[in-house]
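Those protein sequences? They're chains A and B, same order as listed. In case it helps, the working numbering puts the first sequence at residues 5 to 482. In case it helps, the working numbering puts the second sequence at residues 1326 to 1794.
None of these hints come from the bench; they were simulated from the model. Each residue gets a CB set at the ideal place from its N, CA and C atoms; glycine is no exception. Just so you know, not all the hints are guaranteed correct.
Unchecked claim - Below, a sample of chain B positions facing chain A; criterion: calculated Cβ distance under 8 angstroms: (1) Glu1626; (2) Val1637; (3) Pro1645; (4) Val1649; (5) Tyr1653.
As the list claims (entries may be wrong) - Part of the chain A face toward chain B, derived, beta carbon under 8 angstroms: (6) Val40; (7) Pro44; (8) Ser92; (9) Ile136; (10) Ser139; (11) Arg273; (12) Asp279; (13) Thr286; (14) Leu290.
What the hints assert, rightly or not - In silico DSBU-like cross-links for lysine-lysine, where the CA-CA straight-line distance does not exceed 35 angstroms: (15) B:Lys1666 x A:Lys84; (16) A:Lys311 x A:Lys450; (17) A:Lys84 x B:Lys1694; (18) B:Lys1666 x A:Lys126; (19) A:Lys479 x A:Lys461; (20) A:Lys311 x A:Lys213; (21) A:Lys311 x A:Lys395.
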Amino acid sequence: MAELEAVIGLEIHVQLSTRTKMFCGCELSFGDEPNVHTCPVCLAHPGVLPVPNAEAIRYGLKIAAALECEVAPSSIFHRKNYFYPDNSKAYQISQYDQPLAVNGRLGGIRIHRAHLEEDAAKTIHLGESGRIHGSGGSLVDFNRGGTPLVEIVTEPDLRAAEEAGAWARLLRTTVRQLGVSDVNMEEGSLRIDANVSVRPAGSETLGTKTELKNMNSFRFLERGIEAELARQRELIGAGGTVEQETLHFHPEDGSLHPLRSKEQAHDYRYFPEPDLVPLAPTEAMLREARESLPELPEARMRRYEEKLGLSAENAAQLAGDPDEAAYFEAVCAAGDGIEAPTVANWVTGELAAALRQADGDSAAESKVTPEALAALIALVGEKRVSHGSGKQVLATLVAEGGDPAAIVEHEGLAQISDSGELESIVAAAVDSNPEAAEQIRSGNQKAIGAIVGAVMKQTKGRADGGEVNRLIKEKLGI
Amino acid sequence: MSGLLELSVAEAATRIQAVELSREEYFDAWREAAAGDELNAYLWRAEERAVESDGPLAGVPIAVKDLFCTEGIETTAGSRILEGHRPLYTATAVRRLTEAGAELLGKTNMDEFAMGSSNENSAYGAVLNPHDRARVPGGSSGGSAAVVAGGLAPCAIGTDTGGSIRQPAALCGIVGLKPTYGAISRYGMIAFASSLDQCGPLTRDVTDAALLLEAMQGGDPCDSTSVGIEGGIRAPRGEDLKGLRFAVPADLAHDAIEPGVRAAFEATLRRIEELGGELAEVPLPHAEHGISAYYVIAPAEASSNLARYDGVRYGTRVEPEGDVVEMYEATRAAGFGDEVKRRIMLGTYALSSGYYDAYYGRAQRVRTKIAEDFAAAFSKFDFVVTPTSPSVAFGLGEKTDDPLAMYMNDFFTVPMSLAGIPAISIPAGSAEPEGGGPQLPVGFQIAAPAFAEQRLLDAAYVLEQSLNG
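Generate coordinates for the entire structure from the input sequences, incorporating the hints supplied.
This is the structure we're talking about:
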């Protein structure tokens, strides 16, 4: 049997961070008392009508532009009808066969469509099942009801759980940089469902898919997809067939459970929303959306690799975080004659490690100013401070901030530049480590570490590692 | 005292503005008249005057169909499911009237959620026709028509989805205007079929209808589909109908119209010619499918619009043993009447997956064809005229067991609703009902292109003056 290839598409809901809701003037909120941000419109009182939020439309167009979508000259809203207490009107205003935007791409993955809609309220069902059927009661918080959403649907272009996770992170960074959403999975401002199927490698037809829901972190997204792929592969391997169904991810144990068939047997009876006129963005609105785009992670990554010569790994790491990227560029700008790849190594390596060790903030929020880091990198580059001492200076900078040159002075960390002094320290170290010396002579290069260590201990790290190695070998005559 | 009640709204407003008539005195006279309602036309009556504003309607008491939300005042839409519902806000149309000086006199009875042509579908009992209390006033704005015709209010507003202003106006012998879709905000008007619903006046004469229309029309930020009438509306005027071209639908001859209604209609056509108007027949080939399309589109939208009445947030709630789904079912079973349930089921079916194209999609295509028929007619003619209703007021209970016969009442009014164009019904003669009896009012319908309300009102005014004179 041929190997079974994974075919994954994602459906992403992005809560927009507009000031007010999609179709009424209630403020958006997170974590406020239940049912304080409500009005007759979002509670679907008799006689009310929806009024589209212009800011939400602008945000939607920005996302469409960032995803390189074609924006429809005229898109329309539809009603998606279903009874549920989280849905005050008993229909959700969404878009159906004429969405805001189609045919985009991000990070090599095709975007099928992106459309505007409104979020449902939050419900809690009392009772064991936690579901509506058979519950003893249901509590509804309408604060969230009517929050603007953009739903983004990818083509089934992803081929592995890890790839899906990485792409989802790229999407989050991209949307975050647009300033249109908090894109926080834990808080639900970013929600990602996955459509998962498998097929024989090389096949062009799609297998039967299942829809995975409730994965509220990137890790859970990857775990959920991984588990479902394994289940489908095993099922097909054993001669079974996959049934189209919706599966609920349980974060407690990573398991997937089908929703009751009654809960997924929806006929949404879509029809055009008669209370709203078609959404026809003007040329000026489209231009504004395009022109307001900042440099997005994908483009930045390319620039870091191609123009600045960063390694692919460093470019991805720095470009993926707008704050980190800004910090990196500030260090580059502050330093004279320091190379961008060196700066990238420091920011993603030594500085990240030092901050982690100190349980500190992000680089941008730390006490290490870009100017200070640039100065330190220059000191090390000019061999005025050894690399090891440089890390010590960095630890001080993380803890207290300040000027690297002054710290070097104050802590006596200047590199030993008197070669006579270093030579005598090396000689003493070789003499006091005869066993290591013997091993080196007989070809064990690793043994040199013991002698280097002794020199570094003696000099408190102020010696240049390369120079010490050279002097030891000279002394041993090899 | 009774002299006061004879004044038209326009006359009363003029006298109040000239301080020849006291607002209190005028309002009290009407309040007293309204208190004598024996037609079951009012569901609520004002006990005192609200805060007054000045304006062109200063001091004019007005009756409002119970489909319009009025802050703090019970608004039921004629349904059990909204019994006791006190809205948190006032509908834009009502707010504009009161800002223009009008004072709320009462809320009028209606077919439940505006679904009906006889007012017998109200959860609060049928309304009686003031001309013959054994007969219906028409519907769904039957209460609004009956209070004006019965001397219980000087003017009223109602809503028209497929004829719900024009048909009761005809059956009660008053003026009823359905403006262009989008002329008046729908905000606060409880939705039946959103793409068709439009608010309008029911008055004793055309001048009063123009006065109310001008106060209510205009774009509203709360209703994305509202635009208002460019240039506004002034008092109608004119001496004759010279140079105006009136089209009579060609198929009218075949349609089931009561002989008396047909005779009155033909007499009005002759009057138009006497006034200098030109008459011609025009084909409206798709109009005959109007009823079929309407009874797909309107129930489809209604099935969605009425889904919100679930007992969760307001209105009636019936709580049986069981979960929230069972609560929905029990609430809706008890809260809605038969006709509403029938239409919800029709609409739900028409929108169902697999049936959408055959029903809703097709009905929308018919709707487009009907609009095109009218557009073609208006390229050659100023107006299209028909009888408003195929019959005079029929007896209470006469058609309640035959929904299709009831739906045929809307035969002449539905095409204009589907096309979104304005149409007015004015009293034009009377006729003996089938089966005999005293003469009953007959309505004459005039339809005009979208937003041509001023031209429509001017023509209706000329004809009214001539018919009254």
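Tested hints:
1. Hint on Glu1626 of chain B holds. Least Cβ distance to chain A is approximately 6 angstroms, under the 8 angstroms limit.
2. For Val1637 of chain B, the suggested interface contact is upheld, since its CB lies about 6 angstroms from the closest CB of chain A, less than 8 angstroms.
3. Hint status for Pro1645 of chain B relative to chain A: violated, with the closest Cβ pair at about 14 angstroms, above 8 angstroms.
4. Interface restraint check: Val1649 of chain B against chain A, minimum CB-CB distance 5 angstroms, threshold 8 angstroms, status holds.
5. At a threshold of 8 angstroms, the smallest CB-CB gap from Tyr1653 of chain B to chain A is about 6 angstroms, leaving the interface hint in force.
6. Of the supplied interface hints, the one on Val40 of chain A is violated, with its beta-carbon coming no nearer than about 15 angstroms to a beta-carbon of chain B, more than 8 angstroms.
7. Contact between Pro44 of chain A and chain B, as hinted, is supported at the beta carbon level, the nearest pair being about 5 angstroms apart and thus within 8 angstroms.
8. A cut of 8 angstroms between beta carbons decides the hint on Ser92 of chain A: the least distance to chain B is about 7 angstroms, and the hint holds.
9. Evaluation of the Ile136 of chain A hint against chain B yields a held restraint, the C-beta minimum of about 6 angstroms falling below 8 angstroms.
10. Taking 8 angstroms as the C-beta contact cut-off toward chain B, the hint placing Ser139 of chain A at the interface holds, the least distance being around 6 angstroms.
11. Interface hint status for Arg273 of chain A: upheld, as the beta-carbon distance to the closest one in chain B is roughly 4 angstroms, under 8 angstroms.
12. This hint holds: Asp279 of chain A has a C-beta 5 angstroms from the nearest C-beta of chain B, less than the 8 angstroms allowed.
13. Given hint, Thr286 of chain A at the interface with chain B, is violated; its Cβ is 16 angstroms from that chain's nearest Cβ, farther than 8 angstroms.
14. Checking Leu290 of chain A against chain B: minimum C-beta separation of about 21 angstroms lies over 8 angstroms; hint violated.
15. For the proposed pair Lys1666 of chain B and Lys84 of chain A, the alpha carbon gap of about 20 angstroms is at most 35 angstroms, so the pair holds.
16. Pair hint Lys311 of chain A plus Lys450 of chain A does not hold up; C-alpha atoms about 38 angstroms apart against a cutoff of 35 angstroms.
17. For the proposed pair Lys84 of chain A and Lys1694 of chain B, the alpha carbon gap of about 27 angstroms is at most 35 angstroms, so the pair holds.
18. At most 35 angstroms may separate the alpha-carbon atoms for a hinted pair to count; Lys1666 of chain B and Lys126 of chain A meet this at roughly 30 angstroms.
19. Between Lys479 of chain A and Lys461 of chain A the CA atoms are separated by roughly 19 angstroms; this keeps the pair inside 35 angstroms, and the hint holds.
20. About 42 angstroms separates the Cα atoms of Lys311 of chain A and Lys213 of chain A, which puts this hinted pair outside 35 angstroms; it is violated.
21. With a C-alpha separation of about 28 angstroms, the suggested pair Lys311 of chain A and Lys395 of chain A falls inside the 35 angstroms cut-off, and the hint holds.
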